Amino acid sequence: MSNKMDLYCNPVPLPDLPPGMDRIYPGRCATGYTGKNCDYREVADPEVLCFEGKYYAYLSCRQVYVSSDLIHWEYSPIELDAPIGYAPAVTCCRGNIYLTSSICYAEKQGRIYAAKHPLGPFHTVGVPQDKNGQVIGDFLDPALFTDDDGRLYLYWGYAPLGGGIFGMEVDPERPNCGISDIFKLIDFDPNNEWEHFGEHGDVLDFGWDEGASMYKYNGKYYLQYASCGTRFPNYSIGVYMGDSPLGPFKKPATKLIGNRHGIVCGTGHGGMFTGPDGRPWQAYSVLVHRLHNFERRMGIDPVTFDENGVPTVKVSDVPQSVSSGDVGLVNAAAWKIAKVSSYMPNCNAMYAFDECPHTAWVPDIAESEPTLRINLEREFAVQAIRIIWAEQNIDRANGIDFVPVKYQVRFFDSQQQELDFMLDMSNNEQDLNIDFRSFAPVNAQYLELKILRGNAPQHYGVTDFAVFAPPRKIYS
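Using the working numbering, the first residue of the sequence shown is number 70, and each one after it goes up by one.
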């Protein structure tokens with residue numbers, strides 16, 4: 070049983086998730102690129118900076134989320150003189166905060182910004198260029214790294230033929246200016262099956278290697294990269310190890326992180342950061358892929374190192390303690406029998422419990438207070454729930470925007486008698502697409518979720534309704 074108060078649960082429940090900004094395939098949905106244009110939410114490619122006791126998460130589509138404990142996050146917007154684009158990268162170097170990102174699609178080039186604080190104000194330093202002053206054109210998914218001696222390094226990549234992960238040393242006072250040769254540090258490895266493009270590696274001679282990030286630990290340099298394609302559940306992260314920031318590097322035999330199944334899948338593109346008590350953590354992307362190819366979220370988990378310094382990350386999708394790890398809770402609702410007040414065609418009750426990020430129970434749009442009741446089949450000491458909302462009809466151009474969901478969860482014993490405890494979010498004012506709540510243990514067999522929609526135009530369903538409790542015996 071968990072008595073921990075420092076619980077987090079993936080995907081990370083970030084407030085005020087932004088609309089997706091994909092400018093490559095605008096308006097295309099996830100399934101076959103067909104159907105009605107739709108608004109969706111998107112954050113991905115996280116880089117986390119620890120600065121003066123707080124954590125600053127920079128993500129594609131939204132910067133910056135701030136936390137003091139890796140549990141509670143607050144959106145603190147920054148102002149820049151141009152859109153930052155995808156895949157932000159950040160470092161603290163000699164008293165300066167340097168920030169960059171992939172090429173802005175509108176400008177076809179990258180920029181590097183500087184500030185004295187992670188929240189700015191930022192000013193433009195310049196466009197990344199090599200030591201000869203030539204602009205770096207294929208500036209995809211960059212990374213910034215400050216070594217212990219104050220020297221600064223810039224990494225980036227691009228995936229087409231001849232691509233890979235590249236790096237060079239840059240001037241710490243002019244971080245857009247290279248001062249060393251450019252080195253190709255990672256190349257597509259056809260012997261690495263997980264790098265092959267496609268969910269099942271159907272392309273043998275190409276992998277979308279991207280997502281560079283550098284971290285130093287115990288004197289070793291860890292250069293990570295992602296591959297196979299961000300829209301696939303098999304999207305994963307590999308890591309190369311070296312004794313200097315620009316190599317040479319060697320590759321361990323295993324991936325750093327990868328998970329193909331469940332609510333937390335497609336665990337690619339992210340970066341390591343220093344967490345509580347100086348321990349390394351990994352932030353990573355989480356695939357949703359329900360409304361759009363690039364519909365993603367963020368996950369975090371600690372990094373462990375073996376006796377040879379090889380790192381691995383165990384992906385979690387149940388509550389974890391920031392200080393001590395797994396607390397012994399499981400999702401007691403997964404694949405159990407549920408009843409609902411209504412459902413839209415092909416969106417019935419089971420899809421709220423199938424641990425799949427791109428399915429959902431969706432009630433009839435005519436219902437103002439739809440209900441979903443799950444039978445856990447026996448009483449469990451329920452200690453937390455996670456609801457991932459499915460937003461069906463968001464149309465921001467016509468005034469139907471993302472809003473906080475108001476709801477209630479009631480608890481019942483094995484005789485279906487209602488218990489005293491109720492999770493009452495009828496006055497909820499926080500916009501959480503992923504809503505994780507923990508509480509003192511409640512012995513319950515049935516839980517009923519009621520969505521308090523009223524007359525609001527927003528039509529919400531449930532992608533995932535997880536009920537967390539310790540496993541129990543039934544014959545003793």
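Worth flagging that the hints you see were computed from the coordinates, not collected in a lab. Be aware that a few hints might be false.
The list that follows gives simulated cross-link-like pairs (lysine-lysine, DSS-like), each with its CA atoms no further than 30 Å apart [said to hold, decoys possible]:
hint, residue 1, residue 2
1, Lys200, Lys123
2, Lys383, Lys289
3, Lys285, Lys319
4, Lys320, Lys200
Treat the numbers as computed from the prediction; the structure is a model and nothing was measured.
Each hint tested on the structure:
1. A hinted pair counts as satisfied when its Cα atoms are at most 30 Å apart, and Lys200 with Lys123 does not qualify at roughly 35 Å.
2. Taking the CA atoms of Lys383 and Lys289, the gap is about 21 Å. The hint holds against a cut of 30 Å.
3. For the hint pairing Lys285 with Lys319, the CA-to-CA distance comes to about 15 Å; that is within 30 Å, so the pair holds.
4. Of the supplied pair hints, the one linking Lys320 and Lys200 holds, its CA atoms being roughly 28 Å apart against a limit of 30 Å.
Hint 1 from the earlier list is the only one contradicted by this structure; the remaining hints agree with it.
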